[in-house]
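From just these sequences and the hints, can you work out the full model?
In case it helps, UniProt numbering puts the sequence shown at residues 1 to 78.
One or more hints might be untrue.
Restraint-style ranges between C-beta atoms, simulated for each label pair [claimed, not checked]: (1) 73 with 13: 20 to 28 Å; (2) 60 with 21: 19 to 27 Å; (3) 53 with 14: 32 to 40 Å; (4) 54 with 13: 37 to 45 Å; (5) 3 with 43: 33 to 41 Å; (6) 53 with 75: 29 to 37 Å; (7) 19 with 43: 35 to 43 Å.
Keep in mind the hints are simulated off the structure, nothing from the lab. The C-beta atom is built at its ideal place from N, Cα and C for all residues, glycine as well.
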Amino acid sequence: VLFLDDAAYVDGPIWAAVSPIHALTAAIAVLMTMVVLIPVVSKAKTSIGRVVTLESSLLISLYVIASLLVFYSGRGGH
Numbered sequence: 001v002l003f004l005d006d007a008a009y010v011d012g013p014i015w016a017a018v019s020p021i022h023a024l025t026a027a028i029a030v031l032m033t034m035v036v037l038i039p040v041v042s043k044a045k046t047s048i049g050r051v052v053t054l055e056s057s058l059l060i061s062l063y064v065i066a067s068l069l070v071f072y073s074g075r076g077g078h
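Written as structure tokens, this is what we have:
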């Protein structure tokens, strides 16, 4: 898909027009995917309590971190 977008984008490489925060959020998305896949593949059960698992806590934490990074980058880093 990005190949077609890059071919249709006439103002130079499409990656030059993308905000650098997208690379960071993409890396966090990969980490979130790994947090989900590793326990599925290893069949590990790690619970912090009756309801909350380690994976859900990590996913929520990574989501909050990514949201804060996007928010603060949009404010000009203040």
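Whether the CB-CB distance between residue 73 and residue 13 falls inside 20 to 28 Å: For residue 13 against residue 73, whose Cβ atoms are near 21 Å apart, the range 20 to 28 Å holds.
Can the suggested window of 33 to 41 Å be confirmed for the beta-carbon pair residue 3 and residue 43? holds, 37 Å
Verify the CB-CB distance for residue 54 and residue 13 against the hinted window 37 to 45 Å. holds, 40 Å
If you check the beta carbons of residue 60 and residue 21, does the distance land in 19 to 27 Å? Once the Cβ atoms are compared, 20 Å apart, the range 19 to 27 Å for residue 21 and residue 60 holds.
Verify the CB-CB distance for residue 53 and residue 14 against the hinted window 32 to 40 Å. The hinted range 32 to 40 Å holds for residue 53 and residue 14, with Cβ atoms some 38 Å apart.
Taking 35 to 43 Å as the stated bounds, is the beta-carbon spacing between residue 19 and residue 43 within them? holds, 39 Å
For residue 53 and residue 75, compare the CB-CB distance with the range 29 to 37 Å and indicate the outcome. holds, 33 Å
Hint check: no violations occur; every hint is consistent with the structure.
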